[in-house]
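Engineer: As you go down the protein sequences, you meet chains L and B in turn.
The first sequence begins at 1 in our numbering and counts up by one.
The second sequence begins at 1 in our numbering and counts up by one.
To be clear, the hints were calculated from the coordinates, so they are not data collected in a lab.
This one's a predicted model, so the numbers in the text were calculated from it and none came from an experiment.
We put the beta carbon where it would ideally sit given N, CA and C, even for glycine.
One or more hints might be untrue.
[What the hints assert, rightly or not] Chain L is faced by these chain B residues, among others (derived, beta-carbon under 7 Å):
no.: 1; residue: 43
no.: 2; residue: 62
no.: 3; residue: 63
no.: 4; residue: 98
no.: 5; residue: 101
no.: 6; residue: 103
no.: 7; residue: 104
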Amino acid sequence: EAQVTQNPRYLITVTGKKLTVTCSQNMNHEYMSWYRQDPGLGLRQIYYSMNVEVTDKGDVPEGYKVSRKEKRNFPLILESPSPNQTSLYFCASSLLGELFFGEGSRLTVL
Amino acid sequence: GENVEQHPSTLSVQEGDSAVIKCTYSDSASNYFPWYKQELGKRPQLIIDIRSNVGEKKDQRIAVTLNKTAKHFSLHITETQPEDSAVYFCAARRWTDKLIFGTGTRLQVFP
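Work out the full structure: start from the sequences and follow the hints.
Structural biologist: What follows is the structure, encoded as C-alpha cells:
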C-alpha cells in the first residue's frame, strides 16, 4: 500500500530535549516536505527536499533541521525544542502534483 | 514569493445548499491550484486540482474555477451533505516550486 509513515504520532517532551520525527514514503517520490499546522494559520512549510541530498528552507525553518540521505526518508530534527514548537506536524511527498500526507505527529513541548 | 489568501475562514450551510470558498494568489506565474480536504483528526487529502490552462474543472458535486486575470480561484460544492463538513485548504504553486497553502476554511453542513 502506497503511504507516508510518520513516527511518533504523539509525543510530549520537555524544553531542550532533542527529538527526531521520522518520515518514510514507499512511493519512490523525489519531493518530500514538512509542514506544521496551527489553528488559524493553516499549513506552513518548514523544510522541503527536491531529491536526495537537496534540502531547502520553507516559510518557518527556525529551530528545525532536516536531512535527506535516502530517497524514502526525510526526518525532522528539533535540536532544542521550545514550547512554541508545540504543534501538529505533517510530512508529505509528491512526484509531480498531488501531495500525499502522513497521518501527522502531534508534538507538545512543556 | 507566492502568497495565498483564503476566505471565508468559517462557513456554515444547510444540507443541500451550495458552498463556495474563494482564494486569491499573488504570483502570476503560478500554474497549479489544488484543493485539499481535512476531516477532523485526519490528514489533508486532495479532492480536486486545476492547472492554469483550464478555466473550470468538475468532479461530481465539486468544481473549481480559475480566473487567471484576477488571480483567484474558487471551490464550489453543490448539494452539500453532512460528510462535507471539514476544513478545506486551497494552494498554489508554479512549476516544481513549493506549494503554498491558504489558511483554511472550516465548513459545517447542518442537517
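Engineer: For every hint, state whether the structure bears it out.
Structural biologist: To see whether the hints hold, each was checked on the structure:
1. The closest approach between the C-beta of residue 43 of chain B and any C-beta of chain L is roughly 4 Å, which is under the 7 Å cut-off, so the hint is satisfied.
2. The criterion of a C-beta within 7 Å of any C-beta in chain L is not met by residue 62 of chain B, whose closest approach is roughly 15 Å, and the hint is violated.
3. With a cut of 7 Å, the hint placing residue 63 of chain B at the interface with chain L is violated, because the nearest CB-to-CB distance is about 18 Å.
4. Residue-level restraint check for residue 98 of chain B holds (minimum Cβ-Cβ distance to chain L is 6 Å; threshold 7 Å).
5. For residue 101 of chain B, the shortest C-beta to C-beta distance to chain L is roughly 4 Å, which falls under 7 Å, so the interface hint holds.
6. Interface hint at residue 103 of chain B: satisfied, since its Cβ lies 4 Å from the closest Cβ of chain L, which is below the 7 Å cut-off.
7. Here the hint on residue 104 of chain B is kept, as its CB sits about 5 Å from the closest CB of chain L, short of 7 Å.
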